[in-house]
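2 protein chains.
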Amino acid sequence: MLSISQRGKEVSPSPIRKLVRFADEAKAKGTKVFHLNIGQPDILTPKAAIEKVQNADIQIVAYTPSNGVSSYRNALPRYYKKYNLNVKPDEIIVTSGASEGIFLTFLACLNEGDEVIVPEPFYANYNGFAEMANVRIKPIECSIDNGFALPTIQDFEKVISPTTKAILLCNPNNPTGCVYDEKTLRSLADLVKKNNMYLFVDEVYREFCYEEIDFFSVLAIAETQENVIVFDSISKRYSSCGARVGAIVTRNKLVLETLIKYAELRLSSPTFGQILAEALVDTPDSYMENVKKEYIGRRNLLYKRLSAMENVKCYLPQGAFYILAELPIKDSDHFCQWLLESFSTDNQTIMLAPATGFYSNRALGKRQVRIAYVLNETDLNKAMDCLEKALVIYNEK
Amino acid sequence: MLSISQRGKEVSPSPIRKLVRFADEAKAKGTKVFHLNIGQPDILTPKAAIEKVQNADIQIVAYTPSNGVSSYRNALPRYYKKYNLNVKPDEIIVTSGASEGIFLTFLACLNEGDEVIVPEPFYANYNGFAEMANVRIKPIECSIDNGFALPTIQDFEKVISPTTKAILLCNPNNPTGCVYDEKTLRSLADLVKKNNMYLFVDEVYREFCYEEIDFFSVLAIAETQENVIVFDSISKRYSSCGARVGAIVTRNKLVLETLIKYAELRLSSPTFGQILAEALVDTPDSYMENVKKEYIGRRNLLYKRLSAMENVKCYLPQGAFYILAELPIKDSDHFCQWLLESFSTDNQTIMLAPATGFYSNRALGKRQVRIAYVLNETDLNKAMDCLEKALVIYNEK
Chain W
1 MLSISQRGKE VSPSPIRKLV RFADEAKAKG TKVFHLNIGQ PDILTPKAAI EKVQNADIQI
61 VAYTPSNGVS SYRNALPRYY KKYNLNVKPD EIIVTSGASE GIFLTFLACL NEGDEVIVPE
121 PFYANYNGFA EMANVRIKPI ECSIDNGFAL PTIQDFEKVI SPTTKAILLC NPNNPTGCVY
181 DEKTLRSLAD LVKKNNMYLF VDEVYREFCY EEIDFFSVLA IAETQENVIV FDSISKRYSS
241 CGARVGAIVT RNKLVLETLI KYAELRLSSP TFGQILAEAL VDTPDSYMEN VKKEYIGRRN
301 LLYKRLSAME NVKCYLPQGA FYILAELPIK DSDHFCQWLL ESFSTDNQTI MLAPATGFYS
361 NRALGKRQVR IAYVLNETDL NKAMDCLEKA LVIYNEK
Chain Z
1 MLSISQRGKE VSPSPIRKLV RFADEAKAKG TKVFHLNIGQ PDILTPKAAI EKVQNADIQI
61 VAYTPSNGVS SYRNALPRYY KKYNLNVKPD EIIVTSGASE GIFLTFLACL NEGDEVIVPE
121 PFYANYNGFA EMANVRIKPI ECSIDNGFAL PTIQDFEKVI SPTTKAILLC NPNNPTGCVY
181 DEKTLRSLAD LVKKNNMYLF VDEVYREFCY EEIDFFSVLA IAETQENVIV FDSISKRYSS
241 CGARVGAIVT RNKLVLETLI KYAELRLSSP TFGQILAEAL VDTPDSYMEN VKKEYIGRRN
301 LLYKRLSAME NVKCYLPQGA FYILAELPIK DSDHFCQWLL ESFSTDNQTI MLAPATGFYS
361 NRALGKRQVR IAYVLNETDL NKAMDCLEKA LVIYNEK
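As you go down the protein sequences, you meet chains W and Z in turn.
With my numbering as the guide, the letters of the first sequence map in order to residues 1 to 397.
With my numbering as the guide, the letters of the second sequence map in order to residues 1 to 397.
Honestly, the hints are just simulated from the structure, not real lab data.
Quantities reported herein were computed from a predicted structural model and do not represent experimental measurements.
All C-beta atoms, glycine included, are put in the ideal place defined by N, C-alpha and C.
Treat the hints with caution; some may be incorrect.
[What the hints assert, rightly or not] Covered stretches of chain Z (chain W as the covering partner; in silico rule of three or more C-beta atoms under 8 Å from a C-beta of chain W):
#: 1; region: 43-52
#: 2; region: 62-76
#: 3; region: 104-113
#: 4; region: 263-271
Take these sequences, add in the hints, and give me the full structure.
Written out as structure tokens, the structure reads:
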């Protein structure tokens, strides 16, 4: 019998996108769906950069170098300078989103069967990338009770086995909004150095830090330059998710050489996106200041609304634009689908991401949902009205 | 010791790109390098489509649906109609180039360790995609003596083992320029059906057929709709390699469902590229007619020049824009690097792709090079002057 592959059958579906067809059906019935499921900001992309793409003199939409357009790689260090990071163009490989960067790094650094420690809950697609690359995620649990702070170094040490080759963090964290401070990151850097492991850090939400803690990049740690690999992207900071432009940054030359071989296999990152990305490097700081102000308002609103709901557990996220809330429900997958299939109030409903997909141990996410605060405060308020009502009705059943 | 992965050490480098740094060094010394190594056409991208991108009203460069922008998927069937193919939007998944399509299809259809039969020489990156997906390429040799025509069905049958799950063809073929006729393709379709295998066909050079043989797509074979998966791309036909827009086309619903899960993991294909791609669907036929005329001229010139060189074996390619020629050399890797490092005439040299990378058995490509005729006839003539002189000097050493 002709059949699909076993791994294809088993691949973890994206919790963020898997309910799309139920949302489409709800919309077809005329219901307004507030999308809080996906990290697609409603913030405008900087206009000047879009205009650069639109005014570019392009005769042939040609392949670009596999490691990225060199003028873009030469411009990017100016961006990192803002964070007091000294990054050289040769330390950057442009990728099609951070997603591609993570996947290719798994291939370049890890053998099949190797383990990566990932604090859970974690960005759901890490599961899929690990499956694609045939590496194993070793989860280490964080708790909503302390806002999903990282476990202690001793907790990390306890799960290191001979096949553990890396720790993967997302900082600021998707889906929890937790931001890791310098001290914590330096201890983890020491740990990976001691154990000859890599420290992979997904920093695509770098700009989105709302508390006193300044963002600290692991690229600033001199002692572990060989161990550290950072994933970056223009998707979130410039509201440019569709450009598909990310980057891998590392000082490890052997890793860079290996990554380039993989990058060559997929030929190049998109031309238009890289023109946009290059123009975005010179986005005035005021753009991000306004964006941040906007998100702080949304976060505060969301926190206030959720805190006021009965039996909802939440915390004030310090960064990114997500909150992982615990609801009075027993099955978040069922609840999120029910919101789209069977619920509406004033002809409106919401789409959330069930948290089960953000855990390796899916049971841990049964009562939690990820809420992306990517809508303006008016819509966010309406969305919270929906959630509040929905919880009452759902629990009456 | 911190180290890269074993697979990273072993991954097949792209023969098309691996000499890039030698080319850069030659250029830095002031030598003009004729690029015949890479399938990057010098033909202009249709202007009207670039203008559509440039005039698009884009406020947010947002994620697109994982299976592709729906207006583009709805437009594509109009393109396939020109080939009398009835393709439905739901049978299409937009990918970031055909490369991504092939890799994701390997994951979706093949288990680790499964075999894919590929006539060799074959597009070098198939090796890399197979390694990334942990599947094995089972090569089946074609010969320059009959213009790299496909082996017989019996030859294919002979290499089928219990773990052989697919045949992968490129039609028209890169790197040989061979075009497979309807009869041959139907026999192969029968063979895969009989053996419960997939037939993967990379049809990105569909437009580039120069002889009486009409292009025949395996999508037209009604009996094997479940078995057939076609990879497509706008890169070659519209000179849009940098847009990174390809597609997977299949009628197999289970494969489509599985592919969508993988497509969701990498979120989406590029937004700008898909706007371009959608506009390209309505490119007037005259564009391709002119392109074809141009390539026929180049091919004829290249064939004439190569045939006139001493001890060079070649054949008239029927399609695509490559020729795999046999030269009086013993080590094509050495020769191609030497061309860039140590040779120039009138301050000019050429970059070719050593054929070793296009074979599973690298020894078979030691005397062959792939020449992409992607330059105009004037430059092509100059490039052939270089090659002719280079062969004399190289063999005097």
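Mind taking a look at whether chain W covers the region 43-52 of chain Z? Criterion is 3 or more residues with CB to CB distance under 8 Å. holds (count 4)
Do at least three Cβ atoms from the region 263-271 of chain Z come closer than 8 Å to Cβ atoms of chain W? holds (count 8)
Take the region 62-76 of chain Z, compare each residue's beta carbon with every beta carbon of chain W, and decide whether three or more fall closer than 8 Å. Check passed, 5 qualifying residues.
Within the assertion that chain W covers the region 104-113 of chain Z, do at least three residues meet a Cβ-to-Cβ distance smaller than 8 Å? Held - the region 104-113 of chain Z has 6 residues with a Cβ nearer than 8 Å to chain W, which meets the minimum of three.
Hint violations for this structure: none, all hints satisfied.
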